[in-house]
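Keeping the supplied structure of chain A fixed, place chain B upon it in accordance with the hints.
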Amino acid sequence: MSESLTRTVTVRDPLGLHMRPADLLVRTAGRYASQITIGKNGEMVDCKSILSLLTLGADHGCELSLEAAGPDAADALDRIEQLFESGFDDREAEQVEGVRPSADH
Amino acid sequence: MKFADFITTGAIRAKLDATTKEAAIEELVGALLEAGEIDADQRDDIIASIMKREELGSTGIGRGVAVPHTKHPSVEKLVGTVGVSEEGVDFDSLDGERVQLFFLLISPPERPGDHLRALENISRQLRDETFCRFLKQSSKAEDIQQLLAEADDNQFVSG
Chain A
1 MSESLTRTVT
11 VRDPLGLHMR
21 PADLLVRTAG
31 RYASQITIGK
41 NGEMVDCKSI
51 LSLLTLGADH
61 GCELSLEAAG
71 PDAADALDRI
81 EQLFESGFDD
91 REAEQVEGVR
101 PSADH
Chain B
1 MKFADFITTG
11 AIRAKLDATT
21 KEAAIEELVG
31 ALLEAGEIDA
41 DQRDDIIASI
51 MKREELGSTG
61 IGRGVAVPHT
71 KHPSVEKLVG
81 TVGVSEEGVD
91 FDSLDGERVQ
101 LFFLLISPPE
111 RPGDHLRALE
121 NISRQLRDET
131 FCRFLKQSSK
141 AEDIQQLLAE
151 ADDNQFVSG
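Heads up: the sequence lines are chains A and B, in that order. Residue 93 in my numbering sits at position 93 of the first sequence, and the numbers go up by one each step. Residue 60 in my numbering sits at position 60 of the second sequence, and the numbers go up by one each step.
So that you can see chain A by itself, here it is in the shape it has in the complex:
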C-alpha cells in the first residue's frame, strides 16, 4: 500500500461546495482507484459520497484538506485540485462527462 498524499484546496465557488460541485467532485474522484478523503478540522469524509461531502457545509473561501492513498493517488489529487482551481465551472463538467479525459489547458 502506498503512503497517503495530502494537499490543501480552497473552495472558490461563490456559493460554496453546494450540490452541483459536490456531484462533480464525486464523479471525478470515482474515476480513481485510490481511497480519497476530504475535510476540515480533522473531520475527513469520503470524497466519493455526495451525502458525505454535503455534511462539510464548506463555504466560499473555505480551505479543505485532501488526502489520497492508492495506486493513482497523485493523479487523483492533481485532477481534483484542478477542479477546485477552476471553481468547478461548466467546461470542467463537460470534460468529466466526456468520453476521453482531456488535458488541453
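Since the hints were made in silico from the structure, they are not lab data. These numbers were taken from a predicted model, which means no experiment stands behind them. All C-beta atoms in this analysis are idealised placements derived from N, C-alpha and C, irrespective of residue type, glycine included. Hints should not be assumed to be uniformly reliable.
[Stated by the list, open to error] Computed spacing ranges between beta-carbons, pair by pair:
| no. | chain 1 | residue 1 | chain 2 | residue 2 | range |
| --- | --- | --- | --- | --- | --- |
| 1 | A | G61 | B | K77 | 19 to 27 Å |
| 2 | A | E3 | B | K140 | 50 to 58 Å |
| 3 | A | G70 | B | A35 | 25 to 33 Å |
| 4 | A | G70 | B | D45 | 43 to 51 Å |
| 5 | A | D78 | B | A35 | 45 to 53 Å |
| 6 | B | D95 | A | E43 | 21 to 29 Å |
| 7 | A | G30 | B | P73 | 30 to 38 Å |
| 8 | B | S49 | A | T8 | 21 to 29 Å |
| 9 | A | P71 | B | K77 | 42 to 50 Å |
[Claimed, not checked] Covered by chain A, according to a simulated footprint, are these stretches of chain B (three or more residues, beta-carbon under 8 Å):
| no. | region |
| --- | --- |
| 10 | 101-107 |
| 11 | 116-123 |
Same frame as chain A, now just chain B:
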C-alpha cells in the same frame, strides 16, 4: 441550522400521490403554497425553475433521498418542506434508486450560505440510517414532524 429553521410544518406531506419527478415537485411546491410560504402567482415559475435545475443533474443524492431546490427572488427567507412517497418515485438518482424521501428547498438568491447550511443539516442527519428509515416509513405528517423535532434535539446524531 435546524430543520425547524427552514421546514414549514404545515407543508410536510406523507403519502405523496406523485409517481413522476415533475408531479412530486408540483405536489411539494403546492404544499408550500397552501401553507402560505410562496405566492400563488409565483408557483409555476418556481416549479419550472426547480425542474430546470434538475436538468443540470438530478438532485437524487442516493439512499432514496432527493433534495430538489432552486433560488427564487420571490422568497425572503429559505423555505422548505419534506415529502415521503410510499412507492418511491423515479428521480434519475445518482445511484439509480427510486426516491422515497424529498427535501424541497427554495432560497433567496442573496443567501447562498443558508442553502448550504440546510444541505449540511439534511446530510448530517441522514447519515443516521435509523432516522432515514423512520422518515421513509412515516405515514403521517405528524410523524415526520416528530422525527425532525427529535433530530433537531440531537437524538439521532452525536456531532
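Do the hints match the structure? See the list:
Restraint check, G61 of chain A to K77 of chain B: a C-beta distance of roughly 24 Å satisfies the suggested window 19 to 27 Å. The given range of 50 to 58 Å is respected by E3 of chain A and K140 of chain B, whose C-beta atoms sit roughly 53 Å from each other. For G70 of chain A paired with A35 of chain B, a C-beta distance near 49 Å fails the hint of 25 to 33 Å. Between G70 of chain A and D45 of chain B the Cβ separation comes to about 47 Å, which falls inside the hinted range of 43 to 51 Å.
Checked against the hint of 45 to 53 Å, the pair D78 of chain A and A35 of chain B passes, with Cβ atoms roughly 48 Å apart. For D95 of chain B and E43 of chain A, the hinted distance range of 21 to 29 Å is satisfied, since their beta carbons lie about 24 Å from each other. Taking 30 to 38 Å as the suggested C-beta distance range, the pair G30 of chain A and P73 of chain B conforms, at roughly 35 Å. Against the hinted window of 21 to 29 Å, the Cβ-Cβ separation of S49 of chain B and T8 of chain A comes to about 35 Å, which falls outside the hint.
Checked against the hint of 42 to 50 Å, the C-beta distance between P71 of chain A and K77 of chain B comes to roughly 48 Å, which is consistent with it. Note: the region 101-107 of chain B has 0 residues with beta-carbon separation from chain A under 8 Å; the three-residue rule is not met and the coverage is violated. As drawn, the region 116-123 of chain B meets chain A at 6 residues by the rule of a beta-carbon pair under 8 Å; at three or more, the given contact holds.
Hint compliance for this structure: hints 3, 8, 10 are broken, all remaining hints hold.
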